[in-house]
Amino acid sequence: MKRVYLDNAATTNCSNEVLNEMLPVFNAVYGNSNSLHTFGREASAIVDRARDRVANAIGAKSNEIYFTSSGTEANNWAIKGVARANRAKGNHIIVSKIEHDSVLESCKVLEQEGFEVTYLKVDQNGLVSLADLMHNIRKDTILISIMAVNNEVGTIQNIKAIAKTAHENGIVFHTDAVSAIGSVKIDVEDMEIDVMSMSAHKIYGPKGCGALYIKNGVECSNLIDGGTQERGRRGGTLNVPAIAGFGKAIEIAMRDIIVNQQKIKTIRDYFVRQISQRIQYIRVNGHPYQKVQGIINIGFEMVDAESLLMMLDLEGIEVSTGSACTSGVAQKSHVLTAMGIPEEYVKGAIRFSFGKNISKEDIDYTIDKLVEIVGKLRAISPVTKTGRAK
Amino acid sequence: MYSERILEIFKNPTNAGGLQGSQGIGKYIDEATGDYYKIYLKLDETETIIDAHFKTMGSVGAIVASSALCSELVNLTIEDAKEVNEETIVKVTGEYPEDKKQTLTYAINALKSAIEEYYIQKEKAEKNGETLFAKAKPQKEKVEKKTTKKTVETNTEENNNEKQVSKAKANFDAMFEAWND
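Residue numbers (the numbering used here), protein chains in the order written: chain A, 1 to 390; chain B, 1001 to 1181.
Keep in mind that the hints were calculated from the coordinates and are not lab data.
Computed from a predicted structure; not experimentally measured.
Here a beta-carbon is modelled for each residue, glycine too, at the ideal position from N, C-alpha and C.
Misleading hints may appear alongside valid ones.
Said to hold, decoys possible - Examples of chain A residues toward chain B, derived with CB under 7 angstroms:
id : residue
1  : Asp304
2  : Glu306
3  : Ser307
4  : Leu314
5  : Lys347
6  : Ile358
7  : Ile380
8  : Ser381
9  : Pro382
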């Protein structure tokens, strides 16, 4: 059976270039990067090289990059670390309602510790309002965290303006850039970002590796104690092969960003045009133009997203109903709900996320199957286009 | 995660679609998820269910529960149908994932609603000196024909767009080739 992978926002394949970078590190250079001996120093040199590559990709200094096990860990560290380290200055945090669960759940933990959290609403396109942000800043606000690109709808936030606003009020600014790296250019210096979360497996790197950028001078307490790794700020033996892969992956992602984005835009536009012509009663969720090329979220009226996803899967087409981290759970998307998307479109919302290896044949196959399956599910749906029972 | 057996039923659900001449139509809506179940019952003079269909908008579990339920209802009397429960469905589908078990109950709720509706219609008919059973015969063929007709209509609609689609495909081919160059 033909297989088409359209869930690149959940994870990507590990590219050959990245794999080739990693393979020798599994067996030939297997030292613990924390050991003093030659094997250890060889491994440490690989980590240093990867750190340089990550730093170069985002305009940071190498000693501002800390490797983690994932983007989720990076987000946990950033939110909890900055909040706890700055508690003497205040106990108020601002995030948006459409953040990844790793940010939102970290905030819940902090609320139990006595912190106060404001969850900013977003508009129908998924954008945070700068005016709303300014309105909610208090004297005791110590941290603002707004994701650079939303993982479900692809909307790009006005990060530079938000960061400036934070700094004008003496507040630390963190951004979850897991879905942004490789899709938009990020320069932490120019964009005035203090703390930033990243992940390797969204950019053709390995799973199990992320990084947190912490600008020198920004106070952020440790999340994982019990080791001198990462200059004493994050305990645990480093996953050197994955870190080597991450370094290579982010270097390639920035090298090829323009050509990849152009190709994906062509495919995405073609896909949306075809779907709009051939399937009635759909809604494209997200910002009309301020969004990454690779993510398109479409609500299909009169069908259920899980059934649509599984029907597509049975035809070899792999998509997602939202964030892969939560899509195993039967719950409405907190992102689409926060955006005020009508219920009938939230229920049937599917995220298609395109990768750089997609072919025209794959897209044509997907379009044909989608038309067929939506028709099939609507034929057995008791709901009409007006939302009333037939 | 769904079992292969559940996915097989999902891929080829039986008894899907409306049922003309049904005497009992029941529905159930789960407000939390928006899942919508509709069950159609067709009975003969002996109050035996001669056909049962469903229309459901919901998860894989919801559609499979509805399909399996309907397949088990055929040849039961309306009294026997009152005894049908979640276990009856699971005998057909095999074990359900824990977080989808509520869909079994919702499908049964739609059946209960259909049985209630049948008795209401029956009482109305009897008051008016009428009968609900007009030469009852399985309507499966008729329904299948209707489904075919719908497909043809859809195809016609698709054909109307064919020119536009071909044009867009050609444009894309050109763009793609240009990109590859």
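Here's how the hints hold up against the structure:
1. Asp304: 5 angstroms, holds
2. Glu306: 4 angstroms, holds
3. Ser307: 6 angstroms, holds
4. Leu314: 5 angstroms, holds
5. Lys347: 5 angstroms, holds
6. Ile358: Constraint on Ile358/A not satisfied, violated at 11 angstroms.
7. Ile380: 4 angstroms, holds
8. Ser381: Hint on Ser381/A: holds, closest Cβ of chain B at ~4 angstroms, below 7 angstroms.
9. Pro382: 4 angstroms, holds
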